[in-house]
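S.K.: Sequence:
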Amino acid sequence: MLHGYDQIGMHFRMLSDRIRMDTFQRAIFNVVKPGDVVCDFGTGSGVLAMLACRAGASKVYAIDRSNFIKTAAELCKANGFEDRITFLRTDARTADLPEAVDVLISEWLGNAALEENMLPPLIGLRDRVLKPEGLMLPGIVRIMAAPVRASERFEQITFFSESICDLDFQGLANPSAQERFWAHIKPEELIGEPLLVTELDMRTVSNGSLAETISLQFSEQGLCHGIALWFDAEVSPGVSLPTGPHAARTHWRQVVFPIGPRAIEVLPGHQMEVKISAHGAGTDVEWSWSIGVKTDITQGFQYTFSSS
Numbered sequence: 000m001l002h003g004y005d006q007i008g009m010h011f012r013m014l015s016d017r018i019r020m021d022t023f024q025r026a027i028f029n030v031v032k033p034g035d036v037v038c039d040f041g042t043g044s045g046v047l048a049m050l051a052c053r054a055g056a057s058k059v060y061a062i063d064r065s066n067f068i069k070t071a072a073e074l075c076k077a078n079g080f081e082d083r084i085t086f087l088r089t090d091a092r093t094a095d096l097p098e099a100v101d102v103l104i105s106e107w108l109g110n111a112a113l114e115e116n117m118l119p120p121l122i123g124l125r126d127r128v129l130k131p132e133g134l135m136l137p138g139i140v141r142i143m144a145a146p147v148r149a150s151e152r153f154e155q156i157t158f159f160s161e162s163i164c165d166l167d168f169q170g171l172a173n174p175s176a177q178e179r180f181w182a183h184i185k186p187e188e189l190i191g192e193p194l195l196v197t198e199l200d201m202r203t204v205s206n207g208s209l210a211e212t213i214s215l216q217f218s219e220q221g222l223c224h225g226i227a228l229w230f231d232a233e234v235s236p237g238v239s240l241p242t243g244p245h246a247a248r249t250h251w252r253q254v255v256f257p258i259g260p261r262a263i264e265v266l267p268g269h270q271m272e273v274k275i276s277a278h279g280a281g282t283d284v285e286w287s288w289s290i291g292v293k294t295d296i297t298q299g300f301q302y303t304f305s306s307s
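According to numbering that gives the first Met the number 0, the sequence shown holds residues 0 to 307 in order.
No lab work stands behind these hints: they were computed from the structure.
A portion of the hints provided could be inaccurate.
No farther apart than 27 Å at their CA atoms in a straight line, the calculated lysine-lysine pairs in the BS3-like style are these [stated by the list, open to error]:
#1 Lys32 - Lys76
#2 Lys58 - Lys32
#3 Lys58 - Lys69
#4 Lys58 - Lys76
#5 Lys32 - Lys130
#6 Lys58 - Lys130
Please model the entire structure based on the sequences and the hints provided.
M.R.: Structure below.
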């Protein structure tokens, strides 16, 4: 049975995302210069490695640990780049190269940037193979957050509050509220201004974890169902990849962390404090979050919820 990145469907989803592909193509042509030595970590179909060749790279090392790397090598040959791309099926945590590289490319970005947990091995690879003056692509990744109403996506949580065949399933409501979900949030579903959670400078970032506390203020009256996270990337200088509600839709969507088993009525000026953390667990990330809502600034939190 095929899993994950061994499946053609996974690559279709990424390759058919025109925003993703057009942005990375422009960034690669902006950064890679004739004669550069390039490394493409998580090469997948090999498309970014081939674009680096087209931009003028004299040598590309394409790293991936999935079986799909065999298909990538065939695609590379079909496009006439087999003399410049070396495919390495290996784990990036232990991979080494025979020479330092001028540019390290990696489309490591998962939902809310950190999902899939590709950042830690990328950091280790960067420290081993990138020249001191070398460039990372993407260069900067910003994780953003905003409070949202998302009633349609909240249906799974509220569903368990109703009887099913005259049976009580409310015991699943709270566990369901501890599961994040993915959605294309509409701009009108934002009920507060987006806020920067953290900024990752890919030249200096030292770990793939997240532990932040942020304070948000509601700007609209209505029901709050949770907080949405997404990323905005500066792929290369002047070439950006926004994935928030106001941007063109991409396959990444936004990640919504529920406020609890029930939505909360809020008013402009009410405040929300969010503590959110993410830690790598194999090829995924374990998230935890707690949310407090303050409806009276002279008092403490009138509502709190924790995912753990």
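S.K.: Work down the list of hints and note, for each, if the structure agrees.
M.R.: Going down the list of hints, with the structure as the test:
1. Lys32 - Lys76: holds (22 Å)
2. Lys58 - Lys32: Between Lys58 and Lys32 the Cα gap is close to 11 Å, so the pair holds against 27 Å.
3. Lys58 - Lys69: Cα-Cα ~19 Å, so holds.
4. Lys58 - Lys76: holds (15 Å)
5. Lys32 - Lys130: Given that 27 Å is the threshold and the Cα spacing comes to 15 Å, the pair holds.
6. Lys58 - Lys130: holds (15 Å)
In summary, this structure violates none of the numbered hints.
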